[in-house]
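All chains, please: the whole structure from these sequences, using the hints.
There are 2 protein chains.
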Amino acid sequence: MRQYNLCILGFGNVGRALVRQLQAKQAELREKYAIEWRITGVATRRMGWIADPDGLDPDALLAGQMPAQQSTISDVREWLEAAREDVLFELTSTDPHSGQPAREHVRTALERGSYVITANKGAVVHGYQDLQALAEANGTKFLFDAAVMAGAPVFSLFRDALPAVNILRFRGLLNATSNVILEEMEQGKSYDEAVSTAQALGIAETDPSLDVDGWDAMLKLCAISTVLLDVPLQPQDVQRTGIRGLLSEQVQAARAAGHPYKLAATLERTENGVVARVQPEQIALGDPLAAASDAFMLLAHFEMDMIPGLTMILHVPGEGTAGPDVTAYDVLADFLRAVRA
Amino acid sequence: MRQYNLCILGFGNVGRALVRQLQAKQAELREKYAIEWRITGVATRRMGWIADPDGLDPDALLAGQMPAQQSTISDVREWLEAAREDVLFELTSTDPHSGQPAREHVRTALERGSYVITANKGAVVHGYQDLQALAEANGTKFLFDAAVMAGAPVFSLFRDALPAVNILRFRGLLNATSNVILEEMEQGKSYDEAVSTAQALGIAETDPSLDVDGWDAMLKLCAISTVLLDVPLQPQDVQRTGIRGLLSEQVQAARAAGHPYKLAATLERTENGVVARVQPEQIALGDPLAAASDAFMLLAHFEMDMIPGLTMILHVPGEGTAGPDVTAYDVLADFLRAVRA
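Each protein sequence line maps, in turn, to chains A and B.
To convert, note that position 77 of the first sequence is 913 in our numbering; the numbers rise steadily by one, no gaps.
To convert, note that position 162 of the second sequence is 998 in our numbering; the numbers rise steadily by one, no gaps.
It is possible that part of the hints are untrue.
[What the hints assert, rightly or not] Which stretches of chain A does chain B cover? Using the computed rule of at least three CB atoms under 8 Å from a CB of chain B, they are:
{"no.": "1", "stretch": "997–1008"}
{"no.": "2", "stretch": "1117–1131"}
[Stated by the list, open to error] Here chain A is said to cover these stretches of chain B; the calculated rule only asks that three of the stretch's residues, wherever they fall, bring their Cβ under 8 Å from a Cβ of chain A:
{"no.": "3", "stretch": "1119–1126"}
{"no.": "4", "stretch": "1166–1173"}
[Claimed, not checked] Label-pair ranges, simulated between beta-carbon atoms:
{"no.": "5", "chain 1": "B", "residue 1": "Gln1075", "chain 2": "A", "residue 2": "Gln1072", "range": "20 to 28 Å"}
{"no.": "6", "chain 1": "B", "residue 1": "Gln1075", "chain 2": "A", "residue 2": "Leu1121", "range": "30 to 38 Å"}
{"no.": "7", "chain 1": "A", "residue 1": "Gln859", "chain 2": "B", "residue 2": "Glu1029", "range": "57 to 65 Å"}
{"no.": "8", "chain 1": "B", "residue 1": "Thr1106", "chain 2": "A", "residue 2": "Gln859", "range": "21 to 29 Å"}
{"no.": "9", "chain 1": "B", "residue 1": "Leu898", "chain 2": "A", "residue 2": "Asn1002", "range": "21 to 29 Å"}
{"no.": "10", "chain 1": "A", "residue 1": "Thr1077", "chain 2": "B", "residue 2": "Gly1038", "range": "37 to 45 Å"}
{"no.": "11", "chain 1": "A", "residue 1": "Ala870", "chain 2": "B", "residue 2": "Thr1106", "range": "27 to 35 Å"}
{"no.": "12", "chain 1": "B", "residue 1": "Glu1085", "chain 2": "A", "residue 2": "Ala1089", "range": "33 to 41 Å"}
{"no.": "13", "chain 1": "B", "residue 1": "Glu1085", "chain 2": "A", "residue 2": "Gln1075", "range": "36 to 44 Å"}
{"no.": "14", "chain 1": "B", "residue 1": "Leu898", "chain 2": "A", "residue 2": "Ala863", "range": "50 to 58 Å"}
In case anyone wonders, no lab produced these hints; they're calculated from the structure.
Quantities reported herein were computed from a predicted structural model and do not represent experimental measurements.
For each residue, glycine too, the CB sits at the ideal point set by N, CA and C.
Next up, the structure:
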């Protein structure tokens, strides 16, 4: 039996769902994986840095009863030292331009030789090569399956289950919010009304611009290229057009004609690297993207040297309420992958 | 650098494709995986047991220039002893009723502590629990990803990339031959004409009964239940109806109505184990199986406790000619997974 001290940085919906799943799977983790855990650190901007190397009470954390921050802790390194972490779950929100402060959180824990699991796209896009090299040098793991299509193990599929393939082309529907907004527009809503509906469903953020302007899909595309194609891709390398400019009539006419609009993400390997774009496209029958038949499906399609085509479709929870659960599962799965290897 | 002695039992299209891929990926295996290989044994019913612990010439094997069988070798154990194998690739054809002689081949090599990779469904369905236990007891690996949807890593997806999930329901299109025959019938051909077309395409066997009577899909369903749901399932436990009884008019009318017939395989977990069936079904819009839009797609859809739905669609090579290449890739991938772990 191995005991792991877990630290959770960012304690929103995903962090809470992770704690609930750790509790629900406690017996299974013990019996099937010989793993025991305790939470020795939790931190958020509001609560500050909370650490107890003897373990915090998970039920109290879920009930919002947080111990006070130790006055001696003023940054992530001091917090991790106090918590004596084996694993850092980095669950802060993504900064698309720099990946900070997540990158520094990840780096600090990797330098300490700890496993780091993140759902943060920014840290992957802006820091992957350095952080991965640091993890290897320190004999630890940096895993981030929840950063793209959380619930579908896109990265571990290739790392663990599809060795020695080269990806030639990728097509994806990577942003659920755009899917939902376009489907609402197909049913006659204006763009603004559709955004409001997606917000009411808990799918769109108060500021939906990261989603509707293609930033979210573009960051995921950069992560896929950097990690899976081994071609580092930065935001400025991607031709990016969002769905904001589409008119309701246009979207309805496209659906009526059987070629609905989707926010499509495409990578193509060329002699000089990759060509990457995110843009609204009318999806023809026969396009791999046509396999996603409703708005609550995300899709990743790979064409490879050894396999003509492999498509993964993730059915995302409809009402947005179970979304954090699926992301939290993917984070938990990364933890199991890390400690098993 | 680690050197592996490879033995190939059954040297048909898949075995030959495997040798070509080992050659094509030789530099990559050396550089990325620190693996060197040589083929020390090849055996078929026609050629007999050929072994040379110093390595056979792959080009000569591919050209059909086989050394003569040593007269001292009369069975698989003597052959493996002579070849000093590290890895057995068991590529003989499937016997649906007993899984023999593949099971004995697998057992013999596992007893010798070797890795065993097979594409043989029969060995998995009829032997999984014993063979897996034997592999674990001997500190080796028994892998068989090519047995179901070769090219889509169905088994390693769950073993490596989706730990700690429980599968509640499975739906699949697992048999390409039935797909193709039904599509030909939709275009007006009779059942017999459609079978002939599938045979001409190299997709259906001379005797298509394993495919059209649902045996192939049923064995794959048994393998999925046994391995992934941990509920051993034997052929007699599956309610099985093939496509032979369908009329061309019926199939055409179903397609015209937008609910085409497919040979659907379904597993549902119940309180008492699983309920399993293979039968022709009219696929409604919204059914996960509807995501396979043409005959050259196989599909596996999983509903799990932690993830509402995950669908994998494998685009299979259209003309049948590249089919052995994809199977061979999956066999090669299992080899890399085995020696890396």
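Taking the hints in turn, this is what the structure says about them:
no. : hint                                 : verdict
1   : 997–1008                             : holds (count 5)
2   : 1117–1131                            : holds (count 8)
3   : 1119–1126                            : holds (count 4)
4   : 1166–1173                            : holds (count 4)
5   : B:Gln1075 with A:Gln1072: 20 to 28 Å : violated, 57 Å
6   : B:Gln1075 with A:Leu1121: 30 to 38 Å : holds, 33 Å
7   : A:Gln859 with B:Glu1029: 57 to 65 Å  : holds, 60 Å
8   : B:Thr1106 with A:Gln859: 21 to 29 Å  : holds, 27 Å
9   : B:Leu898 with A:Asn1002: 21 to 29 Å  : holds, 23 Å
10  : A:Thr1077 with B:Gly1038: 37 to 45 Å : holds, 43 Å
11  : A:Ala870 with B:Thr1106: 27 to 35 Å  : holds, 30 Å
12  : B:Glu1085 with A:Ala1089: 33 to 41 Å : holds, 36 Å
13  : B:Glu1085 with A:Gln1075: 36 to 44 Å : violated, 50 Å
14  : B:Leu898 with A:Ala863: 50 to 58 Å   : holds, 53 Å
Checked against the numbered hints given earlier, this structure breaks hints 5 and 13; the rest are met.
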